[in-house]
Amino acid sequence: MRHPLRTMLAVCGAAALLATGCTSTAPEEGGDDGPAGSGTGQQSSFFVQADYDEQIAQRAVTPTGPADQPWLQAISPQLVDTAKYKKAGKHTICFSNAGVNNPWRVVGWTTMQAEAKLHPEIAALTAVDAEGKDDKQISDIDGLLASKKCSALIVSPNTTAALTPAVEKACQAGLPVIVFDRGVNTDCPVTFIHPIGGYAFGATAAEFLTDKVKKDGKILALRILPGVDVLETRWAAAKVIFDKADVDVVGVEFTDGDAAKVKTIVNDYLERHGSIDGVWMDAGATSVAAAEAFEDAGQKVPVITGEDQQDFLRLWQEKKLTAVAPTYPTYQWRTPIVAALDILAGKQVPKEWVLPQPTITEENLGQYVLPQLPPLHYALCGCEKMPGFPQNWGGDQ
Amino acid sequence: MTVTAPPPATAAPERSASRAWRLLRAVPPIWLVLAAVIVLIAWRNPTFVEPAPFLAFLRRCAPLAVLAAGQVFVIIAGEFDLSVGALVTAVVVVAARLSDGDAGNTWWLIPLLLAGGALVGLVNGLVTTRLRVPSFIATLGMLLVLSGAVFLWSGGAPRGSLADNFRQFGRFGVEIPGLGQLPYAVLILVAIGVGLWLLLSHTRFGHQVYAAGGNPRAAGLSGVDVRRVRTAAFVISGLSAVVAGVLLGGFTGVTAEAGVGYEFQAIAAVVLGGAVLGGGRGSVGAALAGALTLQSVFTLLNLLGLAKSLRDAVQGLIIIGAAAYAAHRLRRSG
Amino acid sequence: MTTSTMSPSAPLRLAAPGTGSSSAPVWFVFGGVFAVAWLLVELNGGQFMTVDNLQNMAVRSVALGLVAVGQTIVLIGGSLDLSVAYMVSVTAVSASFVMQGDPDRMALGIAVTLALGVGVGLVNGLVITRLRINAFIATLGTSLVMSGILNALFTNFTGSVPREFQALGYNALGPVPVAVLLLLAVVALAWYTLRRTRFGYHLYAVGGSAEVARLSGVRTDRVVVTAHVLCSLTAVLTGLFLVSRLRSGAPWVGPDGGYDLESIAAAVVGGTALAGGRGTVAGTLAGVLILAVVDQVFNEFEVNAFLKTLIRGVIIVGAVALYALRNRRDEEVF
Amino acid sequence: MADGIEPQDKILLGMYGIDKSFLGVPVLQDVQLECRPGEIHAVMGENGAGKSTLMKILVGVYQPDAGRIELDGAPVRFHHPRQALAAGVSIVHQELNLLPERTVAENIFLGREPRRRVGVDRTAMERDASRLLAALHADDVISPRALVGRLPVAQQQLVEIAKALSFRPRVLVLDEPTAALSPHEVDALFDRIRRLRADGLTVLYISHRLKEIFDLTDRITVLKDGRRVDTVRTAEVDTRRLVHLMVGRDLDHYYPPRATPERIGEVRLSVRGAGAGMLHDIDLDLRSGEIVGLAGLAGSGRTELARLLFGATRMATGRLEVDGRARRLRSPRQAIRCGIGLLTEDRKSEGLVLQLSVRDNSLLAVRALGRGPTRRVGLGALLDRVDLRGSTAREVRYLSGGNQQKVVLARWLATGARVLIFDEPTRGIDVGAKASIHELMRELAEAGAAILMISSELPEVIGMADRIVVLRQGTVAGVLPADASEAEIMLLATGEPDRSGVGVGAVADGGAA
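Protein chains in written order, with the numbering used here: chain B, 1 to 397; chain V, 398 to 731; chain F, 732 to 1065; chain H, 1066 to 1578.
Since the hints were made in silico from the structure, they are not lab data. Remember, it's a predicted structure, so these values are computed and weren't measured experimentally. Among the hints, a few may not be true.
Stated by the list, open to error - In silico DSBU-like links for lysine-lysine, alpha-carbon gap of 30 Å or less:
#	chain 1	residue 1	chain 2	residue 2
1	B	214	B	117
2	V	705	B	300
3	B	169	B	214
4	B	149	F	1039
5	B	90	B	347
6	F	1039	B	169
7	B	351	B	84
8	F	1039	B	148
9	B	148	B	215
10	B	351	B	87
11	H	1413	H	1121
12	B	169	B	117
13	B	300	B	215
14	B	149	B	212
15	B	244	F	1039
16	B	320	B	212
17	B	169	V	705
18	B	90	B	149
Isolated chain B (complex conformation):
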């Protein structure tokens, strides 16, 4: 209860320095004011109740498709006809990649290349890398269209809003367009492939915490950066859960995904609050750093959430943490290739191809720890049986 006031005062102090208005820190419009019982602030403008409800429900749905190949599974698929895209012969699949600027995307991209090699009917997988720049990706898509060699176009958008016009343009060119990971604000692509989503991710982690942390326990939420839809929904869902539960969210901090900052922040919070009972992470890349910060301060690692990265899973196994790891599986990079070939073969595909989103828990932890793979490898790549595994993924044989 005290913290918002303190923040307010501090902001005003700084505002005098900065000559900007105090009121200017108010977040943008929209979002419903959650119960202000906790330090979680206002609900994100990204929060959409219907999507939240849907994703929460989808967690319990059994997907269709082969259980041992989750990248072929789909949750409640609504199939669309693709006969008009049917095309004989070998295909050139084009891919506009947002970038390979983090390990998740590196694992995914490696997996997609391996998937393409499995299919002899693919003559070439032509990929262009936008290096994390919206404008470059728009131009890249234009360039791929201009080259006129693509049989199908796969897009992994850098940002949802910015890439929408470019994807629309590609649809208008008559190409079958497949979008995955982040979406676009148009339904012109033949299919949009994604795991259940951020609400499910955030909620799973938050539910675990509220379940394990004692009443009125202190929870620290660490977020990478604001404004990224995938991450915003995770926090939005966690906020809903936290606001309902009897926990005290003592802080919501942005870390830039920088492990040193994570350790610093955790350390600062430990100094300020003495102890922390749970840590919620919007992504697992820095979970290890957060856990280590507790160890370095001579404290037991509290209940913590992570992701399917090896370093966290190993730490979890080794130190017997109380932890959970919701995932955003990298096997989703296999699906677009499969979908593209299905479409070019005229087979039906789901309009929205929702992939299952497993959660790693203490029970199934063992099967995901892969000692031969690098620490930042994501376990749910679905790539264990692919040719070139594990060395193409940076692992030892």
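Keeping the supplied structure of chain B fixed, place chains V, F and H upon it in accordance with the hints.
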């Protein structure tokens, strides 16, 4: 009055009051700012100045402080080194792959990394002094080359992992009864700080660094091999980046983002310490103080609950303020 | 004592014979790069000389091209602007925030962003000239301040620009995209300003030797401030172009584009001297186009992103080293 | 402007009671200067007499500490050169103030480019530049579109003068404008100046070349040691009197006794057929115990020779021996290792690192050598030897010129240099410090050093040198014994008197330069 730590004056003895005042005035102002910030932090959070939290604070400052202590050589010699952030990243990624979690690799890995850092500094120096590429561009190019090459080599994301005895430098320390753990990082920081301070202020080489930056023509005509001195400054910066990388990698473990943006932070720390871009002025001590100040200001702002984004803004204002103050003093004194 | 020049050896340049302000060599290099790229792409079975492809390459150059023109202007004046990346973001966000998808608010949005550009440019220029802070530090500081305020106010894509405004990013007049026309217009205007107006003449003079300019009655501070205003305005144009492409603006579009360092790189590849006094916008345009053609080849051959970064670093340093070699003269050996 | 009916004693420009000191060292004291409309008024004096400082005050580069300036009887105060230019006072500085990367026309009209609607009217600008150059008879060699940096120095000088004229000044100050000009160019310039005088322009002409003064000027104001000695009509003085006004003292009192022949030892440094850049075929020996004076007009290659001997420019031809061993000096570092030291002409830009202390500057070279003379250097003893007192922690920028020179000297004593090259050792140094530096030089020579002293003050050369080497156009024109007269030196320095007549006046009258 200068920013550089003045050598012991041989002036006639003076009355003690004015002498004390002189001594106080001889303290670079950044130390006073640092003290003020720490007092403010302690006021908000008294535990901060207890040994353990304060040592933890110093430990997490260590990478940036070491980086600043190396960067200050380059700045005094009249150049820039923008490649240090990428070099820190490279150190972490290369160390992870070569160490591969095996404690037996650490003993040869660290010398190898240091050699690599020296090589990077050497190339920076040679490109700047022999090819006459402005150091801004030369080290910007090195930044791009390093960050490209290292991930090209590791396949886009770090591989392997850091052995515990490699990580201990940045993470653990020696237990001292009654005081708690004295982090190795703090010991290394002190050792490097003292070492570089001695090198800069008390050796022939150090004096040549000041001369090469202060007036390259006069230095050259006095027999200073300006190009070699500048190159050596880059090598020192490269070596300090390796140490910073080892400390940071130890502190955080393997990440792909280690060191990102550290080049600007290091330059900012050096400028906070009163060094003037363009050369000839600055000191290791003040650069260390600048780094500590930068970090402690972040701690303070965090303690005050200021939004992270506004911390950037405050940092920007502090940097401008420090540079303006240094420029003002320089003008006033001649 | 001028602190605004980047190179400590700037005063020595007085005695150096000039190499002229011709961009011809850069265009010659561009011709070569273009021909090689054409050959490589065709040999690879790709299509190079198609209208679509050429359009595509041209549009790729617009965002960087616009701001690189402004960066060239400040570089010629012996200054530097690291704040352009956040100026781009500020523009993109405020344009879409003000316009809110309403065609009637387009003029207002443009006016607001231009006013912001003038304001930031004035602040940059005044901090550099009045407080006598090195441009590197000054604009690094203002950049941090802008980023802080922007991130505190906005966290995501905010508002949107109307469809009509997106014509800037997507429409074409005949075979020539509107955005390319804008870039050409800005280049032409900048060329005229540098070559045909008193301001342009004075800018070269201030960059060449602030002292000579001052003794000739040029109000040097005013020139530097004006250059910074113009530079910020080109960053505003880049921001407007980007927001028209993206339909909406977010705080990260500028820094993610890397416009600060890349615009400097493009300018120096185009023959602009970091020390000031030399450079042309035509050369910068050629530099931007060289980078765009190289990018196109990278795309065609699906060059790994990390290798791209590495090669870019080599190109930038190599280009500047070549210029330095060309300007090499018999000078004193130190 | 001047309509020719003004009374002769009308004063166009007056400077009264001008005082100026730099860092406590008085440079000008109570100086007065009066110019009449349409006269060419010489300001004369030795180096360091304060001529240039006075002119810089006139055109607003410096502010006087005291005194007033009047133009047409009205007091004026120029805080910026711009204001002086607007009031009709233009200057051609001794050092070039041009932008090498810009064209001739752009340089001439910098700050006042002709406008046409919004843009600069290039055509008009280049046309006007051509016209100004034509007036200097230089339009055939200098194109308005040429880059200044590509022009030879002499032509750059003409561009400077054209620039000054472009302000349509009422008073034009020429500060040693002929230093780099050929006789033909000097004549052309004088023609132009005379024509300008006919148009009513007042010219202040700073020079120490007597011939030019007598050829050109109407009246002469003589400065010495920062004070005005007298103002005389050129027609009413002869060379002897003028020299007396300038020097005003018996030289022998001011210089330590010369070396006796038995003290002069073996050759320390010797060059044969040395050349690089403008220098060619130079033969020179420096002997231990001897001070060799190096004289020559500005632009004759004196400083270039000093740099060559010091390895700061590489020798293109010829050979160099130090203590009988052939050496190739590729850098000052190597020269210093061979025991050579150079005291540069411009202490601030080349001699000292201004923000470093006395100690650091004194020990700069010995520290730079590292492996060289490794013996401990006693700084105290060193500074005692050069007679410098005070804290060693002071930054050298706060020292006077004389003390700064002592710091540089201490630097070479520290390295144990035995060949010392002094380039203008007493420029800008007050009289007391001058004498002590002269004594130091003699002491060093007596202790076995070989000294080369470059000076443009002939009395200093004559007073100090045991042998005088005269340079002309990049090579040795001749060697004179210790008791040579100024006339003999000038004869060699200016070349054959019968070719162009330059220097004849001075030489014939036995005058000083």
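Okay, the hints, checked on the actual structure:
For a cut-off of 30 Å, the pair hint linking residue 214 of chain B to residue 117 of chain B is broken: about 50 Å separates their Cα positions. Between residue 705 of chain V and residue 300 of chain B the CA atoms are separated by roughly 27 Å; this keeps the pair inside 30 Å, and the hint holds. Of the supplied pair hints, the one linking residue 169 of chain B and residue 214 of chain B is violated, its CA atoms being roughly 53 Å apart against a limit of 30 Å. Distance restraint check for residue 149 of chain B and residue 1039 of chain F: the Cα-Cα separation of roughly 23 Å lies within the 30 Å cut-off, and the hinted pair is therefore satisfied.
Taking the CA atoms of residue 90 of chain B and residue 347 of chain B, the gap is near 16 Å; set against the 30 Å cutoff, the hint holds. Proposed proximity of residue 1039 of chain F and residue 169 of chain B is supported: the alpha carbons are some 27 Å apart, at most 30 Å. Taking the CA atoms of residue 351 of chain B and residue 84 of chain B, the gap is about 15 Å. The hint holds against a cut of 30 Å. For the suggested pair residue 1039 of chain F and residue 148 of chain B, the alpha carbons sit about 24 Å apart, so the restraint of at most 30 Å is met.
With a C-alpha separation of about 61 Å, the suggested pair residue 148 of chain B and residue 215 of chain B falls outside the 30 Å cut-off, and the hint is violated. Straight-line distance between C-alpha atoms of residue 351 of chain B and residue 87 of chain B comes to about 19 Å, which keeps the hinted pair within the 30 Å bound. With a C-alpha separation of about 18 Å, the suggested pairing of residue 1413 of chain H with residue 1121 of chain H holds against the 30 Å cut-off. Restraint check for residue 169 of chain B and residue 117 of chain B: satisfied, since their Cα atoms lie roughly 29 Å apart, inside the 30 Å limit.
Note on residue 300 of chain B and residue 215 of chain B: the hinted pairing holds, with a Cα-Cα distance of about 18 Å set against a maximum of 30 Å. For the hint pairing residue 149 of chain B with residue 212 of chain B, the CA-to-CA distance comes to about 54 Å; that exceeds 30 Å, so the pair is violated. The hinted pair formed by residue 244 of chain B and residue 1039 of chain F fails the criterion: a straight-line CA distance of about 49 Å is larger than 30 Å. Only pairs whose Cα atoms come within 30 Å are accepted, and residue 320 of chain B paired with residue 212 of chain B is accepted, the gap being roughly 15 Å.
The hinted pair formed by residue 169 of chain B and residue 705 of chain V fails the criterion: a straight-line CA distance of about 38 Å is larger than 30 Å. Taking the CA atoms of residue 90 of chain B and residue 149 of chain B, the gap is about 12 Å. The hint holds against a cut of 30 Å.
Going through the hint list in order, the structure does not satisfy hints 1, 3, 9, 14, 15, 17.
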